[in-house]
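Line by line, the protein sequences are chains A and B.
Going by this note's numbering, the first sequence wraps up at 246, each residue one higher than the last.
Going by this note's numbering, the second sequence wraps up at 489, each residue one higher than the last.
Hints should not be assumed to be uniformly reliable.
Here are the computed lysine-lysine pairs in the BS3-like style, where the Cα-Cα straight-line distance is at most 25 angstroms [what the hints assert, rightly or not]:
no., chain 1, residue 1, chain 2, residue 2
1, A, K107, B, K449
2, B, K272, B, K363
3, A, K107, B, K478
4, A, K108, A, K132
5, A, K151, A, K132
6, B, K32, A, K139
7, A, K151, B, K449
8, A, K139, B, K478
9, B, K45, B, K32
10, B, K363, A, K78
11, A, K122, A, K139
12, B, K288, A, K108
13, A, K108, B, K478
Stretch-level coverage of chain B by chain A, calculated; a stretch enters the list once three of its residues show a Cβ under 8 angstroms from a Cβ in chain A [said to hold, decoys possible]:
no., region
14, 431-444
15, 456-462
The set of hints was computed from the structure by calculation and includes no laboratory data.
Just so it is clear, the structure is predicted and the values come from calculations on it, not from any experiment.
Note that CB positions come from ideal geometry on N, CA and C, so glycine has one too.
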Amino acid sequence: MLEIQNLHATVGGTEILKGLTLSVPAGQVHAIMGPNGAGKSTLSYVLTGREGYEVTDGTVTLDGEDLLALEPDQRAAKGVFLSFQYPIEIPGVPGLTFLRTALNAQKKARGEDEVSAPEFLKRAREVAKSLKIDFDMLKRPLNVGFSGGEKKRMEIFQMAMLSPRFLILDETDSGLDIDALKVVADGVNALRSPDRSMLIITHYQRLLDYIKPDQVHVLAAGRIAASGGPELAHQLEAEGYDKYAA
Amino acid sequence: MAAVKKTVDQVKALEAYEHGFVTDIETEFAPKGLTSDTVRYISAKKDEPEWMLQWRLEAFERWLALDEPEWANVHYPKIDFQDAYYYAAPKEKVGPKSLDEVDPQLLETYKKLGIPLREQEVLLGVQGAPKYAVDAVFDSVSVVTTFKKELAAVGVIFCPMSEAIRDHADLVRQYMGSVVPVSDNYYACLNSAVFSDGSFVYVPPGVRCPMELSTYFRINAAQSGQFERTLIIADKGAYVSYLEGCTAPMRDENQLHAAVVELVALDDAEIKYSTVQNWFPGDPVTGKGGIYNFVTKRADCRGDRAKVSWTQVETGSAITWKYPSCILRGDGSSGEFYSIAVTNGHQQADTGTKMIHLGRDTKSRIIAKGISAGASSNTYRGLVSTNHKAANARNFTQCDSLLIGKTCAAHTVPYIEARNATAHFEHEATTTRLSEDQLFYAQQRGLSKEDAVALLVNGFVREVLQELPMEFAVEAQKLVAISLEGSVG
Numbered sequence: 001m002l003e004i005q006n007l008h009a010t011v012g013g014t015e016i017l018k019g020l021t022l023s024v025p026a027g028q029v030h031a032i033m034g035p036n037g038a039g040k041s042t043l044s045y046v047l048t049g050r051e052g053y054e055v056t057d058g059t060v061t062l063d064g065e066d067l068l069a070l071e072p073d074q075r076a077a078k079g080v081f082l083s084f085q086y087p088i089e090i091p092g093v094p095g096l097t098f099l100r101t102a103l104n105a106q107k108k109a110r111g112e113d114e115v116s117a118p119e120f121l122k123r124a125r126e127v128a129k130s131l132k133i134d135f136d137m138l139k140r141p142l143n144v145g146f147s148g149g150e151k152k153r154m155e156i157f158q159m160a161m162l163s164p165r166f167l168i169l170d171e172t173d174s175g176l177d178i179d180a181l182k183v184v185a186d187g188v189n190a191l192r193s194p195d196r197s198m199l200i201i202t203h204y205q206r207l208l209d210y211i212k213p214d215q216v217h218v219l220a221a222g223r224i225a226a227s228g229g230p231e232l233a234h235q236l237e238a239e240g241y242d243k244y245a246a
Numbered sequence: 001m002a003a004v005k006k007t008v009d010q011v012k013a014l015e016a017y018e019h020g021f022v023t024d025i026e027t028e029f030a031p032k033g034l035t036s037d038t039v040r041y042i043s044a045k046k047d048e049p050e051w052m053l054q055w056r057l058e059a060f061e062r063w064l065a066l067d068e069p070e071w072a073n074v075h076y077p078k079i080d081f082q083d084a085y086y087y088a089a090p091k092e093k094v095g096p097k098s099l100d101e102v103d104p105q106l107l108e109t110y111k112k113l114g115i116p117l118r119e120q121e122v123l124l125g126v127q128g129a130p131k132y133a134v135d136a137v138f139d140s141v142s143v144v145t146t147f148k149k150e151l152a153a154v155g156v157i158f159c160p161m162s163e164a165i166r167d168h169a170d171l172v173r174q175y176m177g178s179v180v181p182v183s184d185n186y187y188a189c190l191n192s193a194v195f196s197d198g199s200f201v202y203v204p205p206g207v208r209c210p211m212e213l214s215t216y217f218r219i220n221a222a223q224s225g226q227f228e229r230t231l232i233i234a235d236k237g238a239y240v241s242y243l244e245g246c247t248a249p250m251r252d253e254n255q256l257h258a259a260v261v262e263l264v265a266l267d268d269a270e271i272k273y274s275t276v277q278n279w280f281p282g283d284p285v286t287g288k289g290g291i292y293n294f295v296t297k298r299a300d301c302r303g304d305r306a307k308v309s310w311t312q313v314e315t316g317s318a319i320t321w322k323y324p325s326c327i328l329r330g331d332g333s334s335g336e337f338y339s340i341a342v343t344n345g346h347q348q349a350d351t352g353t354k355m356i357h358l359g360r361d362t363k364s365r366i367i368a369k370g371i372s373a374g375a376s377s378n379t380y381r382g383l384v385s386t387n388h389k390a391a392n393a394r395n396f397t398q399c400d401s402l403l404i405g406k407t408c409a410a411h412t413v414p415y416i417e418a419r420n421a422t423a424h425f426e427h428e429a430t431t432t433r434l435s436e437d438q439l440f441y442a443q444q445r446g447l448s449k450e451d452a453v454a455l456l457v458n459g460f461v462r463e464v465l466q467e468l469p470m471e472f473a474v475e476a477q478k479l480v481a482i483s484l485e486g487s488v489g
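Start from the sequences, fold in the hints, and give me the full structure.
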């Protein structure tokens, strides 16, 4: 699925990723953990093509296709989805309008038929219900005035509606109380499938109690410093990141 | 390489103005320049009665004594008023005009603009779709007005101004210049002297006009100005909704458009006036050419509980200078102003409204959304005032500015004059920049950069678009998106 080879990236002239190599096979969930400033969010922006995040060396491929050559919207159409650490407010644009426009743009890019309004609404109602989202909230301007937890739930809602192939969750647990965390985790787990992979970026191990990863990697000083099974997350929780400090 | 890129961008930008074509049609001009003879020429061409000619000549004399206003936040070289044509008309046979007699070239032009002149086509449209009566003004003359018979059946008069001057002289003499006096301002005065055509609407007492009325203005001829004059009267308890649209070919020189629009609403009458203004904005890179849109629009809520609502979507013109206003004279009357002003390239807009509260218990509401991109400048200028007799006047004003890029400017200049202690005026203003965060977020969900800008801007102007008749709201939404093409990245 996703292959990252020797990735170097700079932000504002400073090198943040320094030769990161990572492979996430189809159907697997990998967690990236690491101290603040290790480059976790940079990795998520580099993978999604944000302006200002410059790749200076290395390759990233999704099912063999060069991801770095594509615009952010093209990557989205290929199935790359980022659940933002801080979801953005979009004034004046109802959530449903935003999402339907996005979904149809992706479908168009893939040469598929657009989704009809009734079909879209039917699915939106189902997904909203499963995530315990009040349907009326979807008619309000996206994320405007939403609480931190509501915003995160909206991210998972969008993720479920767009059915991406490669999911990046950036600090999805931050700002969630335990009940909301369970709802979000259930939503994410429901999306696990043999042809879908996930990269879960998190500072704490808490989320991984609910979304069980196949592998855990430690990102420190712009590189993968260690990899292991789920037990690595517990070890980090107990020992901290000190021994990986640059 | 830079030069190649520039050319490519230029061509792209030109494509964005889809109404930039010129119709090759035989045109008759007045002699170039402006003297009292020009005024006589126009009046004679229109076969006007003596009183009209005298009115014009008086206006011309006053205009000579006036100075061009310089207070607006717009900059341009001095206009040479002698270097323009004040009358340009497609050559045609004299006589009554039905659609069949209209030059097919002209009909083709309006078809290109997507304006349904042929009533059959309108009638064949989607079932249950509202009908629109259209008055089409090409350069200085009105070429065709549709649905006149249907409107006449309920007593509504909808005709070219030149026809109204001949056939409805009493109404014209009673109301013309009663809202915007001849010497109100420099451009209104000029218009009073040389106005060519425009629309006239009269809705009799208690009549709800059965369809939307609209006028399409098209400047085609080179080096000519357009000076149309529109007068709408809603008699007691009447209702009318009116929409105007404007386009012009792309030319290197600047062309002047100085219109006057007067609205009169009597007791319990309501007028909704919408504008979708898309005059050629000039070359987006060099700033060359484009229309100078210097327009005076004013409504008089002359009767008690009268209501006037202005909605404008301003995307075109090199320079826009206009302040659709309401004089709230009648007790309990109300005025509304909803505006979207988009500037890109080198466009300059200084626009807003005046709400003048004279009657008791009068209300007004102003929602203005300015969007600036490129190297443009966008100013909101508004006045809200009450005199000492206007007890319990209420106003709510909201001005929001959106900046796209780093080389544009937005200004807000609100004037508030409350001379009555019972007045209740609220003013809110915001200025925001279209953020990289928002753009990236939308792109990450699958929208191209252009589509992301369009969606975000659409969200910003939504409150105003909702005020437009539905079909036009869709048009306006597209227009706003097209106007901002190429404004990011």
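> Which of the numbered hints are not met once you compare them with the structure shown?
Replying inline: Of the numbered hints, 4, 6, 10, 12 do not hold.
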